[in-house]
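Novice: So the sequence lines, in the order shown, correspond to chains A and B. Per the UniProt record's numbering, the first sequence starts with residue 1, numbered consecutively. Per the UniProt record's numbering, the second sequence starts with residue 1, numbered consecutively.
Bear in mind the hints are in silico, worked out from the structure with no lab data behind them. Among the hints, erroneous ones may be present.
Stated by the list, open to error - Examples of chain B residues lying across from chain A (beta carbon under 10 Å, computed):
id: 1; residue: L97
id: 2; residue: D101
id: 3; residue: R110
As the list claims (entries may be wrong) - Here are the computed distance ranges between Cβ atoms for each label pair:
id: 4; chain 1: A; residue 1: K117; chain 2: B; residue 2: E175; range: 18 to 28 Å
id: 5; chain 1: B; residue 1: R61; chain 2: A; residue 2: K271; range: 52 to 62 Å
id: 6; chain 1: A; residue 1: N155; chain 2: B; residue 2: V10; range: 49 to 59 Å
id: 7; chain 1: B; residue 1: D225; chain 2: A; residue 2: K94; range: 55 to 65 Å
id: 8; chain 1: A; residue 1: Q114; chain 2: B; residue 2: G123; range: 28 to 38 Å
id: 9; chain 1: B; residue 1: G123; chain 2: A; residue 2: M178; range: 48 to 58 Å
id: 10; chain 1: B; residue 1: T141; chain 2: A; residue 2: K207; range: 46 to 56 Å
id: 11; chain 1: A; residue 1: P266; chain 2: B; residue 2: A238; range: 36 to 46 Å
These numbers come from a predicted model, not from an experiment. All C-beta atoms in this analysis are idealised placements derived from N, C-alpha and C, irrespective of residue type, glycine included.
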Amino acid sequence: MGIRAILSSHLPNGQFGRHSLCLAAVGREIMKLDTSGLESAASLFGASSELFDGFATAPSFELPVTNDFDGFQKEAIQMVKPAKGTTTLAFIFKEGVMVAADSRASMGGYISSQSVKKIIEINPYMLGTMAGGAADCQFWHRNLGIKCRLHELANKRRISVTGASKLLANILYSYRGMGLSVGTMIAGWDETGPGLYYVDSEGGRLKGTRFSVGSGSPYAYGVLDSGYRYDLSIEEAAELARRAIYHATFRDGASGGVASVYYVGPNGWKKLSGDDVGELHYKYYPVMPSTVEQEMVEVSGA
Amino acid sequence: MARYDRAITVFSPDGHLFQVEYALEAVRKGNAAVGVRGTDVVVLGVEKKSTAKLQDARSVRKIVSLDDHIALVCAGLKADARVLVNRARIECQSHRLTVEDPVTVEYITRYIAGLQQKYTQSGGVRPFGLSTLIVGFDPYTGVPSLYQTDPSGAFSAWKANATGRNSNSMREFLEKNYKETSGQETVKLAIRALLEVVESGGKNIEIAVMTKEHGLRQLEEAEIDAIVAEIEAEKAAAEAAKKAPPKET
Numbered sequence: 001m002g003i004r005a006i007l008s009s010h011l012p013n014g015q016f017g018r019h020s021l022c023l024a025a026v027g028r029e030i031m032k033l034d035t036s037g038l039e040s041a042a043s044l045f046g047a048s049s050e051l052f053d054g055f056a057t058a059p060s061f062e063l064p065v066t067n068d069f070d071g072f073q074k075e076a077i078q079m080v081k082p083a084k085g086t087t088t089l090a091f092i093f094k095e096g097v098m099v100a101a102d103s104r105a106s107m108g109g110y111i112s113s114q115s116v117k118k119i120i121e122i123n124p125y126m127l128g129t130m131a132g133g134a135a136d137c138q139f140w141h142r143n144l145g146i147k148c149r150l151h152e153l154a155n156k157r158r159i160s161v162t163g164a165s166k167l168l169a170n171i172l173y174s175y176r177g178m179g180l181s182v183g184t185m186i187a188g189w190d191e192t193g194p195g196l197y198y199v200d201s202e203g204g205r206l207k208g209t210r211f212s213v214g215s216g217s218p219y220a221y222g223v224l225d226s227g228y229r230y231d232l233s234i235e236e237a238a239e240l241a242r243r244a245i246y247h248a249t250f251r252d253g254a255s256g257g258v259a260s261v262y263y264v265g266p267n268g269w270k271k272l273s274g275d276d277v278g279e280l281h282y283k284y285y286p287v288m289p290s291t292v293e294q295e296m297v298e299v300s301g302a
Numbered sequence: 001m002a003r004y005d006r007a008i009t010v011f012s013p014d015g016h017l018f019q020v021e022y023a024l025e026a027v028r029k030g031n032a033a034v035g036v037r038g039t040d041v042v043v044l045g046v047e048k049k050s051t052a053k054l055q056d057a058r059s060v061r062k063i064v065s066l067d068d069h070i071a072l073v074c075a076g077l078k079a080d081a082r083v084l085v086n087r088a089r090i091e092c093q094s095h096r097l098t099v100e101d102p103v104t105v106e107y108i109t110r111y112i113a114g115l116q117q118k119y120t121q122s123g124g125v126r127p128f129g130l131s132t133l134i135v136g137f138d139p140y141t142g143v144p145s146l147y148q149t150d151p152s153g154a155f156s157a158w159k160a161n162a163t164g165r166n167s168n169s170m171r172e173f174l175e176k177n178y179k180e181t182s183g184q185e186t187v188k189l190a191i192r193a194l195l196e197v198v199e200s201g202g203k204n205i206e207i208a209v210m211t212k213e214h215g216l217r218q219l220e221e222a223e224i225d226a227i228v229a230e231i232e233a234e235k236a237a238a239e240a241a242k243k244a245p246p247k248e249t
């Protein structure tokens with residue numbers, strides 16, 4: 001296993017060319033069927049050192065011929081990388097974890113959907129949030145769900161939030177630079193209590209008590225940070241989360257739709273509410289009938 | 001170039017894997033080893049064949065630790081043991097890295113057994129010639145466990161077991177005398193089992209005790225001698241009590 005295990009349990013494939021120098025002992029994986037359960041005997045024998053046997057089976061592809069390969073790569077990534085137009089947030093408090101998100105999908109200035117499910121149910125006691133590429137988030141969260149279930153079956157106990165977030169982070173790290181766009185929070189409840197991790201497609205993974213991800217996150221942080229207390233009740237925490245999402249959708253054009261709020265407690269997650277942010281606006285700022293100052297009077301025509 | 005994908009471990013007409021059975025023979029020639037699980041400790045014991053005069057005894061440690069909370073003793077080919085132990089140690093650290101959690105005893109046993117099995121179903125390799133006794137504590141629940149693996153790759157959990165030379169007699173003794181024990185009593189039970197097949201004395205036995213708080217501790221020769229003396233005294237007292245007619249009340 002060795003260093004290979006740091007990345008993932010997939011069969012590693014070496015990527016040749018400029019990467020092979022700095023990634024000597026590190027394999028890159030190509031998206032294939034997960035054959036990690038079927039390690040071949042060939043790798044058993046041929047490997048003089050366990051760490052390098054990835055190279056023996058690596059397929060390769062041709063790199064484009066350009067003058068400025070670095071620039072080309074950067075451009076390619078920028079083209080593929082969708083802006084993370086969304087607002088998601090999650091925080092840990094006394095009773096568990098509160099997770100909330102908006103539901104707008106935008107393609108540039110065009111609102112492509114107002115009803116996207118941005119809170120992904122990995123398994124009955126773990127949630128993931130979606131920010132960045134919708135397909136990337138959905139697929140990799142589903143994949144994480146599979147891995148968590150396999151872990152449960154093999155080890156007869158649930159995987160911890162720490163472990164699950166680490167599995168995802170390692171996979172995303174191995175795809176680093178290939179254009180994945182994922183900014184997700186893994187929230188769950190395990191043997192050690194509530195857990196919250198932020199994981200992104202750069203391979204970063206942070207443990208924390210309050211996170212917000214997406215283009216609307218600065219606005220959400222403002223409301224969340226000023227209203228946060230550890231000893232909130234479930235209703236208070238839900239209202240805080242809802243208001244934070246609402247304020248973000250009010251000011252950020254790429255966020256809107258429906259503010260969903262989920263709660264993760266010792267018995268798993270539960271969806272608490274899904275309110276249209278337009279209606280929330282009038283709930284928080286109801287229209288007051290005001291006295292008329294000047295009234296236009298109809299002038300009878302001569 | 002010679003090709004190495006021809007399998008060496010193949011079925012016989014009556015369903016045996018002879019290479020695996022021969023490996024078990026190698027195990028039967030190895031040192032006697034015993035493991036006993038108590039309620040709060042696990043004890044490993046192994047017979048120490050008298051070291052040659054010029055040999056540095058400290059370099060021949062038979063009971064090894066795989067991690068802070070897991071230890072292993074094996075019977076059979078010592079060189080094979082070294083390879084297996086190294087791979088298991090790497091796996092323990094790898095697991096800590098990928099899920100930020102220490103391994104459970106069952107996990108690492110499954111890994112070692114999986115490794116042993118792989119070598120019975122691959123081309124150009126022979127099975128590992130050793131059986132292991134693996135002990136440790138579950139990192140979260142703190143429950144002690146004892147597992148055994150063998151060259152075929154099978155593994156199971158035990159309350160007490162023995163392997164290596166004369167393991168049958170030791171196992172019989174354990175079956176007759178096993179009861180739930182804790183602390184020093186467990187150590188005594190392990191030593192008593194070993195003494196069935198080994199010459200008595202601290203310099204012929206190696207004992208290690210693992211507790212949840214202090215991890216693995218190898219007992220000093222003097223300590224072992226003291227316990228052996230206690231056991232002999234108890235045995236003598238039991239003999240005397242049997243010989244003398246029971247007093248009427």
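Novice: Determine for every hint whether it applies to the structure shown.
Specialist: Evaluated hints:
no. : hint                          : result
1   : L97                           : holds, 6 Å
2   : D101                          : holds, 6 Å
3   : R110                          : holds, 8 Å
4   : K117/A <-> E175/B: 18 to 28 Å : violated, 59 Å
5   : R61/B <-> K271/A: 52 to 62 Å  : holds, 57 Å
6   : N155/A <-> V10/B: 49 to 59 Å  : violated, 33 Å
7   : D225/B <-> K94/A: 55 to 65 Å  : holds, 57 Å
8   : Q114/A <-> G123/B: 28 to 38 Å : violated, 59 Å
9   : G123/B <-> M178/A: 48 to 58 Å : violated, 35 Å
10  : T141/B <-> K207/A: 46 to 56 Å : violated, 23 Å
11  : P266/A <-> A238/B: 36 to 46 Å : violated, 53 Å
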